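Chains as they are written, first to last, in our numbering: chain A, 1 to 143; chain B, 1 to 143.
It is worth saying that the hints were derived from the structure and are not from the lab.
Predicted model only: the values in this text are computed from it and were never measured.
All C-beta atoms, glycine included, are put in the ideal place defined by N, C-alpha and C.
Hints are not guaranteed to be accurate.
A few chain A residues that face chain B, going by a derived Cβ cut-off under 8 Å, partial list only [claimed, not checked]: (1) Leu3; (2) Leu6; (3) Leu11; (4) Ile27; (5) Gly35; (6) Asp72; (7) Arg74; (8) Glu90; (9) Lys107; (10) Ile109; (11) Ala113; (12) Ala116; (13) Lys132; (14) Leu136; (15) Val137.
2 protein chains.
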Amino acid sequence: MRLTQLSDYSLRVLMYLGARPDRLATIQEIADAYGISQNHLMKVVHRLAQHGFVETVRGRGGGLRLRGAAGDIRIGDVVRAVEEDFRIVECFGSGDTCRITDVCRLKRILNLALKAFLTTLDEWTLADLVQKPKALVEILAID
Amino acid sequence: MRLTQLSDYSLRVLMYLGARPDRLATIQEIADAYGISQNHLMKVVHRLAQHGFVETVRGRGGGLRLRGAAGDIRIGDVVRAVEEDFRIVECFGSGDTCRITDVCRLKRILNLALKAFLTTLDEWTLADLVQKPKALVEILAID
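So here's chain A without its partners, still in its complex pose (with noise of 0.2 Å):
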């Protein structure tokens, strides 16, 4: 059972964002301090800026910031917002050939322990995961 990167990826720049949520970041800097692909955050950022929670100052000096503050962002809400697919077993996505899909229960019970994941997530926010910020600044090496 795995998340996709792309959920991965969203956590570690909310939580870079989040360090020193007083100045802005570029998608340059954070892809250097996590050693990662440029390209691949940049999807992550969109995804991000989509559903608000950050946003971007253009030009000169520009960059991202956290639209809220920390305590505010559930990582449940996080999760279920970027996280492409949640297609647990075959019969949760469009090209189900599963032959017993109409009789079975499974997907229901399914249904319920992913409530159940995301739930627990949402009893913490991103303030809980910069709670040492001066430990995350230090290790990523943010000015």
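With chain A fixed as given, assemble chain B onto it according to the hints.
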């Protein structure tokens, strides 16, 4: 977020066996019934036998059947046993390159969410999945 095909197919095999617990089934007939590859199912059945969910009877007229009562097989236990990959995000795996792993609280939170997912599945057993054995027997054309 997805489970691997191994979990999906394992549950399908168990449902097949649970629909007619009184008879032995062959991998070939289960593969045919679901329209999936016999090769895929070999690995699945091996895993299920390894973990004590099914037993195989060798020889002419042999096949496989549930090892215990359907009501004793918890869905969460099946997924825990057969799912090869609970690497929710990168830092769950051995090749973790994330730079903030040491100070990050996300792993703990995701682990709690995973636990909630599996605990929810434990509220149901295979018996809940084969509550309508006649419908399954009909759709899967089990003799």
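To see whether the hints hold, each was checked on the structure:
| no. | hint | verdict |
| --- | --- | --- |
| 1 | Leu3 | 5 Å, holds |
| 2 | Leu6 | 11 Å, violated |
| 3 | Leu11 | 6 Å, holds |
| 4 | Ile27 | 17 Å, violated |
| 5 | Gly35 | 7 Å, holds |
| 6 | Asp72 | 17 Å, violated |
| 7 | Arg74 | 11 Å, violated |
| 8 | Glu90 | 6 Å, holds |
| 9 | Lys107 | 11 Å, violated |
| 10 | Ile109 | 5 Å, holds |
| 11 | Ala113 | 4 Å, holds |
| 12 | Ala116 | 4 Å, holds |
| 13 | Lys132 | 6 Å, holds |
| 14 | Leu136 | 6 Å, holds |
| 15 | Val137 | 10 Å, violated |
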